[in-house]
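Residues -23 to -1, 1 to 130 (mature numbering (1 follows the signal peptide of the UniProt record, and there is no 0)) are what the sequence shown spells out, left to right.
Because the hints were derived from the structure by calculation, they are not lab data.
Just so it is clear, the structure is predicted and the values come from calculations on it, not from any experiment.
Errors might be hidden in some of the hints.
As the list claims (entries may be wrong) - Straight-line C-alpha distance at most 30 Å; calculated BS3-like pairs for lysine-lysine:
hint, residue 1, residue 2
1, K4, K122
2, K62, K4
3, K62, K102
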Amino acid sequence: MSSIQHRVFISLFLSAGFLLSAAMDDKEIFAKTVYAEARGEPVEGQIWVAWVIKNRAYANKSYWGGRRIGDVCRHRNQFESWNGKNDIVINEPSTYQRIKTLTDKIYSAPAHQDPTGGSDHFHSKKMSKYPSWTKNCKQVKTIGKHIFYKSFR
């Protein structure tokens, strides 16, 4: 890595507060995760799912996958759409492109633009019982078929 690349990397890291990978892979993984988790949801719900992922990267917890958005998305048993999979199939290309545009903006957005108030969990309302982790969280909002939460930290 040249000294200029190194300075740009350090600058991105310091200004964002988490590791922004310059690789397209993180952005693609981010978009595919939101697509798989929320493609049938209202745009507001898709935005909230994206910010849950980003808030987990900001938190930099090893149990959520660390500070890289791609690692957070693919961390074991965190997002159902990746469990046991190496990729997510895109069956609705126009929906994916719209979500990719949305996630590209959120990927580089500063933390103060987070509309979720720091939410870091969500689950489907269709679940027969609430996940055990909900006892450690405050319910923040219901959007479409998802309920969003913020951890008690």
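Regarding the pair K62 and K102, is the alpha-carbon distance no greater than 30 Å? Since the Cα atoms of K62 and K102 sit roughly 24 Å apart, the hinted pair holds (cutoff 30 Å).
Between the alpha carbons of K4 and K122, is the straight-line distance 30 Å or under? 25 Å, holds
Can you confirm whether the C-alpha distance between K62 and K4 stays at or below 30 Å? Given that 30 Å is the threshold and the Cα spacing comes to 17 Å, the pair holds.
Hint violations for this structure: none, all hints satisfied.
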